[in-house]
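Visitor: Starting from the given sequences, assemble the full structure and let the hints guide the process.
2 protein chains.
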Amino acid sequence: MKVTVVRNILDANDRIAAENRLLFDEKGVYVINVMSSPGAGKTSLVEKTITALKDRWRIAVIEGDIQNTYDADRVAALGVCAVQINTGGACHIDGNMVREALPALDLDRVDLLITENVGNLVCPAEFKIGENAKVMILSTPEGADKPAKYPLMFQESSVMVINKIDLLPYVDFDLAKARRDALAVNPGLEIFEVSCKTGQGLEGWIGWLAGRVEAFRNR
Amino acid sequence: MKVTVVRNILDANDRIAAENRLLFDEKGVYVINVMSSPGAGKTSLVEKTITALKDRWRIAVIEGDIQNTYDADRVAALGVCAVQINTGGACHIDGNMVREALPALDLDRVDLLITENVGNLVCPAEFKIGENAKVMILSTPEGADKPAKYPLMFQESSVMVINKIDLLPYVDFDLAKARRDALAVNPGLEIFEVSCKTGQGLEGWIGWLAGRVEAFRNR
Chain F
1 MKVTVVRNIL DANDRIAAEN RLLFDEKGVY VINVMSSPGA GKTSLVEKTI
51 TALKDRWRIA VIEGDIQNTY DADRVAALGV CAVQINTGGA CHIDGNMVRE
101 ALPALDLDRV DLLITENVGN LVCPAEFKIG ENAKVMILST PEGADKPAKY
151 PLMFQESSVM VINKIDLLPY VDFDLAKARR DALAVNPGLE IFEVSCKTGQ
201 GLEGWIGWLA GRVEAFRNR
Chain L
1 MKVTVVRNIL DANDRIAAEN RLLFDEKGVY VINVMSSPGA GKTSLVEKTI
51 TALKDRWRIA VIEGDIQNTY DADRVAALGV CAVQINTGGA CHIDGNMVRE
101 ALPALDLDRV DLLITENVGN LVCPAEFKIG ENAKVMILST PEGADKPAKY
151 PLMFQESSVM VINKIDLLPY VDFDLAKARR DALAVNPGLE IFEVSCKTGQ
201 GLEGWIGWLA GRVEAFRNR
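So the sequence lines, in the order shown, correspond to chains F and L.
For the first sequence, this note's numbering begins at 1 and goes up steadily by one.
For the second sequence, this note's numbering begins at 1 and goes up steadily by one.
These aren't lab readings, by the way, just hints derived from the structure by calculation.
Do not rely on the hints blindly, as some may be mistaken.
The list treats identical chains as one, so a pair stands whether inside a single copy or across any two.
As the list claims (entries may be wrong) - Derived lysine-lysine pairs resembling DSS-like cross-links, with alpha carbons at most 30 Å apart:
id: 1; residue 1: LYS197; residue 2: LYS27
id: 2; residue 1: LYS27; residue 2: LYS48
id: 3; residue 1: LYS54; residue 2: LYS27
id: 4; residue 1: LYS48; residue 2: LYS177
id: 5; residue 1: LYS197; residue 2: LYS54
id: 6; residue 1: LYS197; residue 2: LYS177
id: 7; residue 1: LYS54; residue 2: LYS177
id: 8; residue 1: LYS177; residue 2: LYS27
Guide: Printed below as a string of structure tokens:
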């Protein structure tokens with residue numbers, strides 16, 4: 001019975017996400033859905049990505065948080081349009097929350113929409129929002145056992161950004177194991193090793209994203 | 001409609017958790033529910049707690065994971081009885097999952113039951129399991145903004161263990177802000193600063209837990 005309820009919710013969400021996707025295609029908006037555990041560096045990666053690409057494309061951000069506007073405030077300070085979704089307790093954002101946020105954006109003037117999910121390595125992976133790509137962040141202090149313990153997130157994502165590599169000397173993180181176990185659940189996963197704090201490795205991630213946006217615009 | 005569904009699930013869970021609690025009281029078992037983001041150090045804290053207290057009381061562990069038995073294997077290596085719950089995708093353990101795990105334990109021979117939840121700073125806070133106390137871990141690399149962003153977890157918990165204080169020189173973590181914001185949502189919160197890696201500060205946490213188990217046994 002419980003499974004049935006969940007299935008119905010997911011089916012309804014998939015339909016709304018598909019409608020969002022049609023709208024994004026019509027407006028020419030490339031959308032990424034950024035997900036991770038709390039504190040792995042989602043907002044930091046979003047900030048670095050905006051700084052690197054805001055002169056090339058028009059960027060907007062949807063920030064998903066249980067409450068408050070801390071992350072939207074951080075991102076808006078970079079001069080891009082930021083909309084805050086407060087989920088009011090829900091542990092993820094879904095297609096309908098994104099749909100309801102869209103009237104606050106002028107999609108005719110957006111090339112790249114970055115959506116930052118609630119910090120959670122489990123539930124967000126189940127809910128499509130109409131994105132072109134799911135991007136997940138694993139930070140080194142979390143440990144290399146996460147792909148094996150939370151496989152759906154790694155399976156659903158196009159990209160794994162391994163963040164906080166500046167902390168590698170101080171934490172027990174087996175980089176080779178993290179890569180191997182993530183690729184075991186998703187052989188097509190793109191992997192980038194970065195430090196949002198020092199800037200190390202970010203060019204790989206930025207290059208990948210720029211290539212995807214470019215290909216989408218030339219589709 | 002959606003809110004109603006969630007409410008019914010939580011009500012049903014509360015009933016089962018209360019039944020678990022009655023059984024634990026009858027058998028004289030003190031129960032803690034250990035929660036945190038993925039990789040904050042739940043299993044490490046459980047290991048240190050077992051090592052410190054296993055000669056004083058009979059300890060059993062229930063490990064909650066989406067899949068696999070890595071954590072139960074780590075804990076069983078310390079010579080205590082460990083039962084693994086695989087939630088099969090669910091982002092938390094609930095009262096019914098714990099109830100179904102109990103036949104694997106001889107509760108007449110258990111004084112302290114440590115339950116380790118799925119790594120998630122959101123959903124586990126909503127689901128009682130019949131515990132005496134919820135214990136949450138915040139690790140320094142996650143950042144000090146977490147109490148304000150995920151308040152329910154801090155509200156519901158009796159204890160906040162701030163783990164990975166050995167990383168303080170390398171991460172931007174405002175200890176005073178984390179304490180202040182956590183106490184703002186829960187003024188009764190007990191706070192301990194520890195490093196499960198170096199052992200620093202663990203005596204405060206162990207002393208608190210030992211005092212609670214003692215008081216429960218003398219009730």
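Visitor: Each hint needs a verdict: does it hold in this structure or not?
Guide: Do the hints match the structure? See the list:
| no. | hint | result |
| --- | --- | --- |
| 1 | LYS197 - LYS27 | neither (34 Å within a copy, 51 Å between copies) |
| 2 | LYS27 - LYS48 | within (25 Å within a copy, 55 Å between copies) |
| 3 | LYS54 - LYS27 | within (18 Å within a copy, 62 Å between copies) |
| 4 | LYS48 - LYS177 | both (27 Å within a copy, 25 Å between copies) |
| 5 | LYS197 - LYS54 | within (19 Å within a copy, 41 Å between copies) |
| 6 | LYS197 - LYS177 | both (23 Å within a copy, 20 Å between copies) |
| 7 | LYS54 - LYS177 | neither (35 Å within a copy, 32 Å between copies) |
| 8 | LYS177 - LYS27 | neither (41 Å within a copy, 43 Å between copies) |
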